[in-house]
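For the protein sequence lines, the chains are A and B, in the order given. Quick note on numbering: the numbering used here labels position 171 of the first sequence as 166, and the sequence is numbered without any gaps. Remember, the numbering used here sits 7 above the position in the second sequence when you count from 1.
A portion of the hints provided could be inaccurate.
Stated by the list, open to error - Think about it this way: if two alpha-carbon atoms lie no more than 30 Å apart in a straight line, the pair counts; the simulated BS3-like pairs of lysine-lysine are:
#	chain 1	residue 1	chain 2	residue 2
1	A	K5	A	K128
2	A	K212	B	K30
3	A	K172	A	K183
4	A	K163	B	K56
What the hints contain is simulated information worked out from the structure, not anything from laboratory work.
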Amino acid sequence: MAESSGDYIKHHLTNLTYGQHPDGTWGFAENAEQAAAMGFWSINVDSMAWAVALGALFCVIFGIAARRATAGVPGGLQNAVEMIVDFIDETVSSIFQHRNDLIAPMALTIFVWVFLMNLMDLVPVDWIPEAAKLMGVEFMKVVPSTDPNITLGMALAVFILVIFYSIKVKGIGGFLKELLCHPFEAPKGGNPVVRGLLIVILAPINLILEGVTLLAKPVSLGLRLFGNLYAGEMIFILIALMYGGIVIGVFGAALQWAWAMFHVLIITLQAFIFAVLTVVYLAQAHDTEEDH
Amino acid sequence: MNITATLIGQTLAFAVFVWTCWKFIWPVLISAMRERQKTIADGLEAADKAQRDLEHAEARAEERLSGARAEARQIVEQARGQAAEMVEEAKSVAQAERERILEAAQADIEQEMNRAREALRGRVAELAIAGASRIVSADLDRSRHDALLDKLATEL
C-alpha cells in the first residue's frame, strides 16, 4: 500500500466536489481543503449522482411493477413490491390517522430510497472508488447517506412539509399559537390584564422551547441516519485497511462478513426509522390542539 | 464534509421522487391490491354461499327421498291388500262355479236316471206282455188290454 492509512481513510471520506475555486475558476476540487474553500455553492457530484440514480432505480422498479400491476395473480416482482407497499401502508395507517394521501407514498419512497442508498454500504469499499480512479475520477463516495448534505436535504424537505401542513391544517394563527402558547399556558380566568401580561411574558420562553422542539425534528432525523451510516462506513474502511498480509487479511475478511451481516439489519432499520419518523412528524403537524 | 448546495439538490430530488411515487406508482399498486382483496373476499363469500346452498339442497333431497320412500311403502301395502282381496274374490268365484257345475252334473244325472227309468219301464211292460201272452196264450188281445198294460207299466 503506497499511501499511509491516514491518507487512505481521508481519501475514502472525501466527496467529489464541483464548485468555484477561490481564484474564480470552476472545476472539481483536488482535495478536501479545496472543497472546503469552495463554500456553500458547490456540489458533491458523487453523492448527488448516486442518490438520484438510486432514486431513479426505485422509480423504475416500482414503476414497472405498477405498469404490470394486475388485480389477478401477481408475478414475482409484483409480489415483492406489493409486500413492501402493504407493509408501508399498514405502518402508515397505524400511525397517521388523518386524511392525506401523500403520506403513504412518501413513506414508501423514503423507505425504499434510503434503503437503497444505505445498501451501497455493503459494496466493498474499494470496488467503485478504484474503478472510478481507473476512469480518471479522483474521489468517489458511493454511499449517499454517509453525506450529511443528503440526509439533511431529505430532512429539510420533511421539515418544509411539516411547516406546510401545520399552517394548512391549523392556519397561520393556530400554528403561531402553538409556538407561542405552549408548553407554558397562562391560567384561565382571573384578571384579564394580568393574564394578558403573563401571555406576553411567557411567549418568548415558549417560542424558544417550541422552536427548539420544531428544529430538533429535522436535525435529529438527518443526523441520525448520517451518523449511523457514517460510522458503519468508517468501520468498513478500517476493516479494509487490514487487507495487507494474508493472515490478518483472512481475519479482516471474516470481520467484514460479520459486520456486513450486522449492517444489513442497521441499513433496513435506519431506512424504516427515517420513514416512520417522517410519518410521525407529519401526523403531529396534522394534530390540532383538541387532539392532544 | 461541508454543508453545500448538495443539500438543496437532494431536497429537490426528494420532491421529484416523492411526487412521482405519489402520482404514478402508489395509486396504481394500491388500487390493484385493493381490487384483488375485494375479488378474494367475494370469492370466499361465493364459496360460503355455495356451501350453504349445497347443504340446503341436500336437506331438501333427503326430505323428498324419505317422502318417496313412505309413498312407496304405502303403495306396496295397498297392492298387497288388493292382491289378497283378488285372491279371496277368485276363490269365491271358483267356489260358486264348482257348485254350479256340481248342480248341473247332478241335474244331468237325474235326467239320465229318469230317462233310463222310462226306458226300463217300457221294456218291463213289453216283457210283461210277452210273458203274459206266453202265459195267457193267443186269445189275449193286445189292443183290449193296452190300457191295462200301460197302467201296469206306470205302477212299476
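Subject >> K172/A paired with K183/A [C-alpha distance capped at 30 Å] >> reply: Judged against 30 Å, a Cα distance of about 16 Å means the pair holds.
Original post:
Would the pair K5/A and K128/A pass a check requiring their Cα atoms to be no farther apart than 30 Å?
Top reply: Distance ~15 Å between K5/A and K128/A Cα, so the pair holds.
Original post:
Has the given pair, K212/A with K30/B, been kept, meaning a C-alpha gap of at most 30 Å?
Top reply: holds, 27 Å
Original post:
Can the restraint linking K163/A and K56/B be considered satisfied, given a maximum Cα separation of 30 Å?
Top reply: With Cα atoms ~48 Å apart, K163/A and K56/B exceed 30 Å; violated.
The structure does not agree with numbered hint 4 stated previously, though it agrees with all others.
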